[in-house]
Each structure stands twice: as structure tokens, then as C-alpha cells.
Amino acid sequence: MSTSQTEPNKGELFEFLCRMGDNTLVLGHRVSEWCGHAPVLEEDIALANTALDLIGQTTLWLDLAGKVEDAGRDADRLAFHRDVWDFRNLLLVEQPNGDFGQTIMRQFLFDAWHLSQLTALMESSDAQIAAIAEKSSKEATYHLERATDTVIGLGDGTDESHRRMQNALDLLWPYVGEMFVADAVDEAMVAAGIAPDPASLRPAYDTLVNDVFTAATLTKPQDDFGHRGGKSGKRHSEHLGHMLTQMQWLQRAYPDATW
Amino acid sequence: MYAQMIKSTGQGVKSLEEMDPQERAFQERINAGGKIEPKDWMPDGYRKNLIRQIGQHAHSEIVGQLPEGNWITRAPTLERKAILLAKVQDEAGHGLYLYCAAETLGVSRDQLTRDLLSGKMKYSSIFNYPTLTWADMGAVGWLVDGAAIMNQVPLQRTSYGPYARAMVRICKEESFHQRQGYDIMMKMAKGTDAQRKMAQDALNRFWGPALMMFGPSDENSVHSAQSMAWKIKMNSNDELRQKFVDECVPQAEYLGLTVPDPDLKWNEERGHYDFTQPDWDEFFDVLKGNGPCNTERLAAHNKAWDDGAWVRDGLMAHAAKKRAAKLAAE
Ligand SMILES: [Fe+2]
Ligand SMILES: [Fe+2]
Ligand SMILES: [Fe+2]
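Listed in order, the protein sequences are those of chains S and V.
Read in order, the letters of the first sequence are residues 1 to 259 in the UniProt record's numbering.
Read in order, the letters of the second sequence are residues 1 to 330 in the UniProt record's numbering.
Don't read these hints as lab results, they were simulated from the structure.
Keep in mind it's a predicted model, so treat the numbers as computed, not measured.
Even for Gly, the Cβ is constructed at its ideal location relative to N, Cα and C.
A few of these clues could be false.
What the hints assert, rightly or not - Here are some, though not all, of the chain S residues that point toward chain V, as calculated from beta-carbon distances under 8 Å: (1) Leu41; (2) Ile55; (3) Thr58.
To be verified - List time: in silico DSS-like cross-link candidates among lysine-lysine, alpha-carbon distance up to 27 Å: (4) V:Lys120 <-> V:Lys288; (5) S:Lys220 <-> V:Lys288; (6) V:Lys48 <-> V:Lys322; (7) V:Lys14 <-> V:Lys48; (8) V:Lys321 <-> S:Lys220; (9) V:Lys326 <-> V:Lys303; (10) V:Lys120 <-> V:Lys48; (11) S:Lys67 <-> V:Lys187; (12) S:Lys10 <-> S:Lys135.
My request is simple: use the sequences and hints to build the entire structure.
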């Protein structure tokens with residue numbers, strides 16, 4: 001990463017850490033919705049395991065965010081007491097589970113980005129970020145392997161599984177672009193040597209997903225249009241609010257309780 | 001227990017003298033504390049009984065994911081959410097080991113799954129009760145996993161090798177489950193008024209159903225006598241239930257909660273608590289399918305299975321294509 005480094009301001013660093021932690025929080029929550037309802041027992045176990053990893057990573061990112069912010073908020077406070085406009089996750093991860101094909105396609109599209117982001121963050125000028133990235137990257141490697149195998153298996157399975165995976169890809173592809181668009185927060189992170197330029201991850205991402213789609217006999221949509229508004233928090237989808245009504249209900253109904 | 005009301009096929013326990021040499025050798029091995037392994041000869045009744053018992057236990061682990069899964073998306077902290085996810089993942093893993101143990105007896109996991117989905121095979125009555133507040137996650141861990149441990153620790157010494165070994169792995173995890181449940185109860189019982197109310201309410205609703213987990217009294221049951229002779233059942237239902245009550249009452253007192261049994265009393269003479277039997281009419285209603293959640297639990301599993309058919313078929317078709325391509329390349 002960059003050698004000439006300028007310290008980011010606290011607000012920008014906090015924002016960046018929320019983006020990392022909110023991605024894993026929201027996706028971890030979505031995946032956990034499958035609990036006990038998967039197509040086969042092995043998938044129940046694998047999905048629970050993925051959700052567990054993501055929730056663990058959330059704690060690390062959001063605790064660090066809270067420390068940086070220095071306003072007395074820990075990971076739980078951030079996870080359960082912010083409203084939609086304060087969330088900084090990608091629109092992709094808040095999309096509903098849909099059928100198993102949509103869930104696994106969303107996972108694959110995220111994991112492919114997540115692993116390369118974490119790999120780059122292992123070289124971060126911020127030692128705490130590098131340490132979280134290193135720990136998380138082991139888990140993300142496994143998630144990507146599993147998602148890749150499943151996307152290929154179902155894409156190149158029966159006619160029905162192929163059709164469902166193609167539908168899932170068509171539905172979710174417009175949420176990929178957001179991962180690679182930089183804004184002022186990203187630029188500050190690049191300048192400080194903390195995080196990679198999002199655009200720099202795109203070529204490797206495209207190569208990886210193209211190879212997998214070829215093996216899966218799936219066709220990537222021609223249009224590279226990408227919805228935005230999740231990671232900036234400017235305009236989330238309607239889905240996130242519903243998720244929060246469930247995820248944050250207990251904490252907000254009993255604000256003076258500890259659990 | 002996780003396997004309740006298992007009917008054995010035997011007509012009462014034969015004496016060693018009544019057995020032919022093969023069966024006598026089998027029974028003598030069990031009496032001496034030896035293990036029966038999948039390739040060994042075994043009486044038909046032993047095999048059938050074990051399939052039902054292990055199958056029912058496996059199904060209980062699987063259906064048991066649902067009442068706790070109900071709260072994963074509403075867990076109060078990230079840590080609690082992670083612990084609950086890990087627990088439910090363990091339960092699915094227990095189901096998997098147990099199906100593997102059952103498969104060594106010559107029944108497939110698919111067959112057992114079909115029998116669960118059609119309602120032909122049962123799972124523990126306890127999982128037909130709803131989980132209504134976060135305190136229920138505490139009560140389930142403390143009482144339900146606690147009752148399961150009571151039954152499963154002795155089963156680590158059961159005569160069928162694969163079952164005994166599955167139990168060893170499972171018991172290690174179950175005691176962690178019980179501790180996390182009790183820890184939730186502790187937080188709730190020492191928390192705000194509302195939390196204390198949730199904790200007491202959870203205990204009120206789960207106490208009776210937890211006592212039912214051991215099954216009705218079987219002191220005079222022919223079926224149980226045979227299972228005990230075969231060492232696939234190690235204690236009587238009443239014995240385990242008493243042990244459970246004796247263990248739980250001081251734990252409830254420590255929490256400052258009241259066990260919902262006005263006649264509960266320490267009996268100095270017996271060295272045990274006297275307690276009221278749970279409502280056995282309710283138990284038989286639940287077994288018949290009339291528990292509060294029977295319909296939903298079975299419907300949820302059927303839906304997951306049906307919705308997942310295309311996934312299972314797709315992955316199998318892909319594996320077949322890969323095998324064919326590999327063969328063609330050779
Ligand atoms: Fe279990
Ligand atoms: Fe169990
Ligand atoms: Fe358990």
C-alpha cells in the first residue's frame with residue numbers, strides 16, 4: 001500500500017471500520033435466517049458456521065470502530081442502537097435470502113470481493129486492522145471456496161438449478177458495482193496506507209468471477225450498472241429497515257437491560 | 001428423553017438358558033461390558049430397537065434447531081448470537097453423527113428423513129413447545145440440554161459401539177450448552193424486573209415439559225426391561241427424572257426463581273425431593289400430534305426439504321457429470 005502516508009481523521013476511519021463491520025453484521029444476520037431450514041443437513045451446518053464467522057468478525061470491526069470514535073459505544077451499541085441511515089454495508093448484503101440459489105450467489109459475489117479486500121488489508125499501515133484482516137481472511141478463504149463449489153455445482157447441475165442460479169446472478173449483479181466505487185472515505189484510507197483503492201480490486205475480481213461463471217455455465221449480465229447508496233448510507237434498500245426491526249427489537253424494547 | 005416411548009419388539013427378557021448359543025454369546029458379551037460392533041451378529045429386535053432409538057434421537061437434534069433458531073435473529077448481543085449459532089450448529093452436528101450411527105445398522109439417512117417428514121417417526125415432545133421470550137433460550141439450555149445430559153451420559157456406556165462413541169462426542173458439547181443456558185438465566189434472574197419476569201415465566205412453561213422428556217414411569221415395563229438387558233437403556237425413566245429434579249431445584253434456588261410445583265419438598269428419609277408428576281395427559285396429546293407446535297415444526301421441515309429438492313438434485317447431477325467426464329478422460 002501507499003508509502004507516503006497522511007493520517008486519516010477519526011471520522012473517516014470510523015466510517016471505514018463501520019463499512020467493514022456492517023457488511024459482516026448484515027450478511028451474518030441474513031445467513032443466520034436459514035437456521036434449520038437449509039436444503040440438507042450439511043448446509044445447515046455450513047450456513048450456521050458462515051454466520052458464526054461473520055458475527056465474530058463483526059465484533060472485531062465494530063469494537064475497533066467504537067474505540068476509534070471514542071464516544072463510549074462498543075460493538076453491541078453500534079450493532080443494535082443505530083438506525084438505517086447510520087449503516088454502512090453494501091446494498092448487496094442486505095438483499096433478502098430468496099431461494100437457496102440467491103443466498104449462495106450473494107455469498108459468492110461478496111466473498112470474492114471480501115477475500116481480496118481482506119488480503120489487501122493484511123498489509124494495512126494500521127496494525128489492528130491488519131490483525132483483524134489476517135484472522136478474517138482465513139475464514140473468508142473457506143467461505144469463498146464453498147460458495148464457488150456450490151455456484152458451479154448448481155449452475156452446472158440440472159436445468160432447474162441452472163435456471164435458478166442464472167436468475168440469482170441476473171438479480172444480484174447490479175449490486176456488485178458498489179464494491180469498487182471510491183468516495184472521500186476510501187481516498188483518505190488510500191492516502192493513509194490503511195486500505196486499498198476499491199477500483200484496484202476489480203480486475204482480479206472480474207477474472208475470478210468470469211472463471212467461475214464459465215465453469216458454472218452461467219452468463220454474466222452485459223450491463224455493468226451498479227446501484228449505490230449502501231456503503232455511503234445515503235440510500236439503503238427497504239429491506240434493511242425490516243431486518244433491523246427484528247435484529248434490534250429486544251435491545252430497544254428493554255434499553256436498561258444487560259443480557 | 002430425546003428417545004421417548006421406544007417400544008421394544010421383545011416379549012420380555014429371555015434368560016441365558018432360553019437363548020440359542022449365538023444369542024447367549026451376544027448377551028454374555030453385553031453382560032461383561034463388551035461392545036457390539038456393526039459387523040457383529042445381533043438379534044433382530046436389538047437392531048430394530050436401536051434404529052428407532054437412535055433415529056428418534058437424531059430427529060430430536062434436527063427438529064431441536066427450530067425452537068432455538070427462532071431467537072438467533074433476535075439475540076440481544078453479538079456474543080449471545082454467536083453462542084446460540086454455535087449451539088444450533090452443534091445440534092445439527094449431533095444429528096449428523098447419530099444418523100451415521102443409525103446407518104451402521106442398515107438404514108439410510110434418506111429413509112429416516114422420510115419417516116420423520118411423514119410423521120411415522122417421532123422426535124422428543126419437548127421441541128413441540130414454543131420459545132416465546134429470550135429467557136426461553138436460557139430455560140432450554142439449562143433444562144432441556146440438562147435433561148438430555150442426564151440421559152446421555154450413561155448412554156456413553158451403551159452396548160452398541162457406534163452409538164456409545166457418538167454419545168461421547170455429543171456429551172462434551174451438551175454440557176457447554178447447559179452452561180450457556182444457565183448463564184442466560186442468571187443474567188435474566190439478576191437483571192431488571194422485566195427480565196426476572198421473563199425468567200420465571202420461562203421456568204413456569206418449561207418445567208413440566210422438561211420432566212416429560214424422561215417419559216412416563218417405566219418401572220414395570222417389559223419393553224424397558226429388555227432395553228436394559230441389552231444396555232441400550234441404562235436407567236429407568238423415574239430414576240433419571242428424580243436425579244434431574246434433585247439437581248435442578250438448588251439451581252433454581254440459586255437463581256432466586258420458584259419451581260412451579262407447590263408440593264415440591266425435600267424428603268429427608270428418601271434423600272430426594274418429592275415432586276408433582278407433570279401432566280401426562282398433555283404429554284400423550286403432544287405425542288399424538290396435538291402439542292402447541294407439532295404442526296408448525298413438521299411443516300417447517302417438510303417445506304425446507306421440498307424447497308431444497310432442486311438443490312440436492314442439482315448438486316447430485318453435477319457430481320454425476322464430473323464423474324462421467326473423469327471416466328471419459330481416462
Ligand atoms: Fe444435541
Ligand atoms: Fe442430544
Ligand atoms: Fe444441546
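Hint check:
1. Hint status for Leu41 of chain S relative to chain V: holds, with the closest Cβ pair at about 6 Å, below 8 Å.
2. A hinted interface residue such as Ile55 of chain S counts as satisfied when its beta carbon comes closer than 8 Å to some beta carbon of chain V; here the least separation is about 5 Å, so the hint holds.
3. With 8 Å as the threshold, the beta carbon of Thr58 of chain S comes within range of chain V, its nearest partner Cβ sitting at about 6 Å, so the hint holds.
4. Under the criterion of a C-alpha separation no larger than 27 Å, the hint pairing Lys120 of chain V with Lys288 of chain V is consistent with the structure, at around 11 Å.
5. Taking the CA atoms of Lys220 of chain S and Lys288 of chain V, the gap is near 52 Å; set against the 27 Å cutoff, the hint is violated.
6. Between Lys48 of chain V and Lys322 of chain V, the direct Cα distance comes to roughly 38 Å. Violation of the 27 Å bound is thereby established for this hinted pair.
7. With a C-alpha separation of about 17 Å, the suggested pairing of Lys14 of chain V with Lys48 of chain V holds against the 27 Å cut-off.
8. Note on Lys321 of chain V and Lys220 of chain S: the hinted pairing holds, with a Cα-Cα distance of about 23 Å set against a maximum of 27 Å.
9. Taking the CA atoms of Lys326 of chain V and Lys303 of chain V, the gap is about 35 Å. The hint is violated against a cut of 27 Å.
10. Only pairs whose Cα atoms come within 27 Å are accepted, and Lys120 of chain V paired with Lys48 of chain V is accepted, the gap being roughly 15 Å.
11. The suggested pairing of Lys67 of chain S with Lys187 of chain V holds, with an alpha-carbon distance near 26 Å, which does not exceed 27 Å.
12. With a CA separation close to 24 Å, the supplied pair Lys10 of chain S and Lys135 of chain S stays within the 27 Å bound.
The structure shown violates the earlier hints numbered 5, 6 and 9.
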